[in-house]
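Listed in order, the protein sequences are those of chains A and B.
When you number the first sequence by numbering that gives the first Met the number 0, it's gap-free, plus one each residue, and the end is 403.
When you number the second sequence by numbering that gives the first Met the number 0, it's gap-free, plus one each residue, and the end is 403.
Be a bit skeptical, because a hint or two may be false.
Result set (SDA-like, lysine to any residue): computed pairs, CA atoms no more than 20 Å apart in a straight line [as the list claims (entries may be wrong)]:
{"hint": "1", "chain 1": "A", "residue 1": "147", "chain 2": "B", "residue 2": "25"}
{"hint": "2", "chain 1": "A", "residue 1": "32", "chain 2": "B", "residue 2": "208"}
{"hint": "3", "chain 1": "B", "residue 1": "32", "chain 2": "A", "residue 2": "320"}
{"hint": "4", "chain 1": "B", "residue 1": "364", "chain 2": "B", "residue 2": "395"}
{"hint": "5", "chain 1": "A", "residue 1": "144", "chain 2": "B", "residue 2": "30"}
{"hint": "6", "chain 1": "A", "residue 1": "32", "chain 2": "B", "residue 2": "323"}
{"hint": "7", "chain 1": "B", "residue 1": "28", "chain 2": "A", "residue 2": "137"}
{"hint": "8", "chain 1": "A", "residue 1": "233", "chain 2": "B", "residue 2": "82"}
Bear in mind the hints are in silico, worked out from the structure with no lab data behind them.
There are 2 protein chains.
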Amino acid sequence: MINVAILGFGVVGSGAAQVLADNAAVIEKNLGKKVAVKRILDLREFPDSPFGHLVTHDFNDILNDKDITVVAEMMGGSHPAYDFTKACLTAGKHVVTSNKEVVARFGAELLDLAAKNGVRYLFEASVGGGIPVIRPMVNDLASNKIEKVDGILNGTTNYILTQMIAGATFEDALKEAQAKGYAEANPAADVEGLDAARKIVILAALSFGTLLSPDQIHCEGITKLTLADVEVAKAFGCSLKLIGHTEQVAGRVLAMVSPRMVPLTNPLSGIADVFNGILVDANMVGEVMFYGAGAGKLPTASAVVADIIDIVAHMGQDGVRAPKFTVAAEQDYADFGAYTCRSCFSFWQEDGAAEKITAVFGDVKTVTVGNRIALIADAMTEKEAAEKAAKTGLTLLSRIRVLG
Amino acid sequence: MINVAILGFGVVGSGAAQVLADNAAVIEKNLGKKVAVKRILDLREFPDSPFGHLVTHDFNDILNDKDITVVAEMMGGSHPAYDFTKACLTAGKHVVTSNKEVVARFGAELLDLAAKNGVRYLFEASVGGGIPVIRPMVNDLASNKIEKVDGILNGTTNYILTQMIAGATFEDALKEAQAKGYAEANPAADVEGLDAARKIVILAALSFGTLLSPDQIHCEGITKLTLADVEVAKAFGCSLKLIGHTEQVAGRVLAMVSPRMVPLTNPLSGIADVFNGILVDANMVGEVMFYGAGAGKLPTASAVVADIIDIVAHMGQDGVRAPKFTVAAEQDYADFGAYTCRSCFSFWQEDGAAEKITAVFGDVKTVTVGNRIALIADAMTEKEAAEKAAKTGLTLLSRIRVLG
Chain A
0 MINVAILGFG VVGSGAAQVL ADNAAVIEKN LGKKVAVKRI LDLREFPDSP FGHLVTHDFN
60 DILNDKDITV VAEMMGGSHP AYDFTKACLT AGKHVVTSNK EVVARFGAEL LDLAAKNGVR
120 YLFEASVGGG IPVIRPMVND LASNKIEKVD GILNGTTNYI LTQMIAGATF EDALKEAQAK
180 GYAEANPAAD VEGLDAARKI VILAALSFGT LLSPDQIHCE GITKLTLADV EVAKAFGCSL
240 KLIGHTEQVA GRVLAMVSPR MVPLTNPLSG IADVFNGILV DANMVGEVMF YGAGAGKLPT
300 ASAVVADIID IVAHMGQDGV RAPKFTVAAE QDYADFGAYT CRSCFSFWQE DGAAEKITAV
360 FGDVKTVTVG NRIALIADAM TEKEAAEKAA KTGLTLLSRI RVLG
Chain B
0 MINVAILGFG VVGSGAAQVL ADNAAVIEKN LGKKVAVKRI LDLREFPDSP FGHLVTHDFN
60 DILNDKDITV VAEMMGGSHP AYDFTKACLT AGKHVVTSNK EVVARFGAEL LDLAAKNGVR
120 YLFEASVGGG IPVIRPMVND LASNKIEKVD GILNGTTNYI LTQMIAGATF EDALKEAQAK
180 GYAEANPAAD VEGLDAARKI VILAALSFGT LLSPDQIHCE GITKLTLADV EVAKAFGCSL
240 KLIGHTEQVA GRVLAMVSPR MVPLTNPLSG IADVFNGILV DANMVGEVMF YGAGAGKLPT
300 ASAVVADIID IVAHMGQDGV RAPKFTVAAE QDYADFGAYT CRSCFSFWQE DGAAEKITAV
360 FGDVKTVTVG NRIALIADAM TEKEAAEKAA KTGLTLLSRI RVLG
């Protein structure tokens, strides 16, 4: 019998208890061992929960319990989640987590601490909710050099954009997302791209070994997108998505979050509603994509429990492989100014606009949508894009990057 | 240094040698050990290959070489691949393979033999080419009960169907697939669904533990599909795909291959050309999909090498988890007659056809395409479908199952 403790009995924490209980038979069959929740740390009481009697308010009840060998941290936020994780790893307990904030900020230190203490720190649920992506990147793509990753990493914004593609305004789509419980009353972390930034930082570290700070990467949300942008995207045969992107630029790591037009031929284009997808481009396998529920109680809990199973399956074995992250120094960040990508420019439609566009961008296809004339230009730097737009003498209404 | 032998230096075998050589640095970094090809078994000579000097024609040179601890079988076909695999496992060598025929026919015995000899038998590349799907199903979905799997498992047929959706006839699309090297001169194994049958049998065994025979499952190919079927699918907002499907029916395992109309809201619908996608429905995580190149030299080789890395990473460890297959007895096969699914019926359009359809199928939406009138009926058994079609008194032109 493996005894697990749960830190934080919120949506995901209670989901993990449920997965372990409801799927106990299949887990025991797959693993050859029983796994059960012994204690749950939460400030609240849960008299109506079947797990209510396991709740303690004192972290030491878990830390000092030698029978508890695996701790599942699902508290959210940096503190005390980080501090408790450190204490557990130092005490020789394995830790699994769904907490992207802790992984994105302290993952390098915690992986290092786990290795030093002969235990493991796993975080499959921190990116893409229930979607298997971290373990496949570590194990299945170990034969590959990863070139780049593009991901729809936030279900709330993807729901809003799906509604906008169907004709709703940003404001109405946000209200509907809030009514359905997908968006919080204060939706900033989602719609400003901060949640996606934490996740792309984790994927960048898995790809290239360097853990950037989510605060120091280029991060644009979806609040400035309009229905006119959606219409221009459609006119170019594209969908509109919030994309976390990472690649290496001149040997240094670039990670960024921004809206992108996604050609309908790209498998990310059709990912709708709250679903997530992560498209990994690697040097031998080419493009592979992982798709599924990027959030939600049971999907995310399913990934947490997969990590617990992984840990139990490898207990007592030496030299189990683990990723290693190095905290990025200033010189490890790619120069965003050197990054190039295709862009869609939308200008105010005026007499002679098409000619002015041709004079600067050459013989490109333009589309006219309402009062806009738009084009997709070849890959160029941010500076070149700004200069070229200015050189037209036209009023720039929006510039949206294009995937691929 | 880990010494690997390659059995079969064809497309995938030479790709595996290339992946191990070209990505040697990244593999050593990920693994902490060097992995190199020591011998290659093939009947041919390869004087122009950088690996040509490693070729032997005598299997015993590999079997008796104690330094070779991992054997990668990429010969294709049942014999002698199966026999060599057995010999290697019995001799205490780990075996990895891309050979779906051997896994589908002998997987239960070979997994058992590997377990008895304290070695492993891995076959990530046998389904979905380079796509990580077997290991994620075994590891990441171990917290879940798998409910069903639907997969686009054959790149050749998906290429042909993609061309048909773009307007080409089956014959022209097949010729183009042959010209591009996607289809063989004798394309039966692909277009009749036999290749997909082997793969769905493997996925069924991973899902439910029972290894069915690919010869004993319902298997329909794409040779009877016409452009009219494509048009009817489009009229109902669907794509047309060859789908391998597995689920449990009354506690027994059903696996089947057949064309299906796939609603455009389903992530499998957009998978084009030679790409594959495997959609797994599991009880906690819901639907997850794995997408990528389902064939090809380097993608498939990438999966073979991922298996080699997995083996090397776990060398010397006891009790490494492995799937266990039980060979299906007759009573383990689900009764295909009890299987129900939605279907699209296309009848010859004639006076009063709509009324006759309503009389039998109730108030369903119909579409008229050319000389056809078509409807999608609720889920029913094969027998019910045949009876209802006959009861209309109309001429049935085609019945195509509908996914979901």
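Each hint tested on the structure:
1. 147(A) to 25(B): Distance ~15 Å between residue 147(A) and residue 25(B) Cα, so the pair holds.
2. 32(A) to 208(B): Holds, at about 18 Å.
3. 32(B) to 320(A): holds, 12 Å
4. 364(B) to 395(B): Status holds; Cα separation ~17 Å.
5. 144(A) to 30(B): holds, 13 Å
6. 32(A) to 323(B): Answer holds: residue 32(A) to residue 323(B) is near 16 Å, not above 20 Å.
7. 28(B) to 137(A): The hint holds at about 12 Å.
8. 233(A) to 82(B): At roughly 56 Å apart (the allowed maximum being 20 Å), residue 82(B) and residue 233(A) break the hint.
Checked against the numbered hints given earlier, the structure breaks only hint 8 and satisfies all the rest.
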